[in-house]
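Chains as they are written, first to last, in the numbering used here: chain A, 32 to 276; chain B, 2 to 76.
Read the hints as simulated data drawn from the structure, not as lab findings. Ideal Cβ placement from N, Cα and C applies to all residues, glycine included. Incorrect hints may have been included.
Stated by the list, open to error - Simulated restraints, written as ranges between beta carbons of each label pair:
1. A:P192 x B:D3: 23 to 29 Å
2. A:S93 x B:N40: 29 to 35 Å
3. A:L274 x B:N28: 56 to 62 Å
4. A:R168 x B:V76: 39 to 45 Å
5. A:P183 x B:P4: 44 to 50 Å
6. B:A6 x A:W184: 25 to 31 Å
7. A:S58 x B:A35: 50 to 56 Å
8. B:L19 x A:L156: 30 to 36 Å
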Amino acid sequence: MADSHNPLEQFKIIRHLHMDVAGIDFSFTNSSLWMVIGIALVTLLMTQGMKQRALVPGRLQSMAEVLYEFVAGVLQENAGKKGMQYFPFVFTLFMFILIANLLGMLPIAFTTTSHIIVTFALAMLVFVIVNVIGFMRHGLHFFSLIVPGGVPWYMLILLVPIELLSYLTRPISLSVRLFANMLAGHTMLKVFAGFVIGLGLIGGWLPLAFIVVFTGLEVMIACLQAYVFAVLTCIYLNDALNLHH
Amino acid sequence: MDPVAAKFIGAGLTAIALCGAGIGIGNIFGNFVAGALRNPGAAPKVFPNAMLGFALTESIALFGLVIAMLLLFVV
Numbered sequence: 032m033a034d035s036h037n038p039l040e041q042f043k044i045i046r047h048l049h050m051d052v053a054g055i056d057f058s059f060t061n062s063s064l065w066m067v068i069g070i071a072l073v074t075l076l077m078t079q080g081m082k083q084r085a086l087v088p089g090r091l092q093s094m095a096e097v098l099y100e101f102v103a104g105v106l107q108e109n110a111g112k113k114g115m116q117y118f119p120f121v122f123t124l125f126m127f128i129l130i131a132n133l134l135g136m137l138p139i140a141f142t143t144t145s146h147i148i149v150t151f152a153l154a155m156l157v158f159v160i161v162n163v164i165g166f167m168r169h170g171l172h173f174f175s176l177i178v179p180g181g182v183p184w185y186m187l188i189l190l191v192p193i194e195l196l197s198y199l200t201r202p203i204s205l206s207v208r209l210f211a212n213m214l215a216g217h218t219m220l221k222v223f224a225g226f227v228i229g230l231g232l233i234g235g236w237l238p239l240a241f242i243v244v245f246t247g248l249e250v251m252i253a254c255l256q257a258y259v260f261a262v263l264t265c266i267y268l269n270d271a272l273n274l275h276h
Numbered sequence: 002m003d004p005v006a007a008k009f010i011g012a013g014l015t016a017i018a019l020c021g022a023g024i025g026i027g028n029i030f031g032n033f034v035a036g037a038l039r040n041p042g043a044a045p046k047v048f049p050n051a052m053l054g055f056a057l058t059e060s061i062a063l064f065g066l067v068i069a070m071l072l073l074f075v076v
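Excised from the complex, chain A in its bound form (with noise of 0.2 Å):
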């Protein structure tokens, strides 16, 4: 098949503008492009509804309410009153996925969140971030996470090797969930398109029905890892900020 049928070609990074830094890549790429537009969506969003702040919110300002006061309860709910401080910093993550992955949905549009680096580098900012808040606020202490309570000495041997792996896995897993959910969404819908200009006019129709449906499932996944990040975030904030819950 040609080079342009192929399902993973939507997921090459050409470079807009080339800068080389002392030897270091820094080219804009159509993934930085539209992060920047992401970015600006969302500042938009939040500043332009909030411009008004009315009493009776216009259609914009819901927006904008309807999204902070979701994360606010994501956070409340999962990491209590110590999390609310720490609030800018989950909605952040949550507006920039959210956007990103609902922009991906978008023909000839780049999804940002669908490459293994970008998902990778915010997942290891929330396991750096936790980290520092947990050492912060219960110094060597902290270790006492990866040593399950109500056990007998003799089991710890074998328990703290694995909850010392699972709890270093925790950016690899929440990176690779929210890449491979993307990645496999966006594939499995070109891959369906192949099959429509393959069987032609006559039975293109049948995949043609099945895009449509999973192009609604799709937005709903976009959605739903974006909220999945936000709440694991704030489930891991929650182990740093209340040890033995």
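Using the hints provided, position chain B relative to the given structure of chain A.
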């Protein structure tokens, strides 16, 4: 065996991951529907948890896809 053939067979074998994900997602929604029918008042409260469970289970299957990708493009 030809290493290239083994690579493709391995990538195909990762589709087994779907088996567990199918069972998992079926469990989640089956139990959600059962619970929602018994106590319809609690259904809206449990629904976000059901969706969270769905997303977490689904991504476990996608780890299989990542292994397939690694086998096809990295190894």
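Which constraints among the numbered hints does this structure fail? Numbers only, ascending. Of the numbered hints, 1, 3, 6 do not hold.
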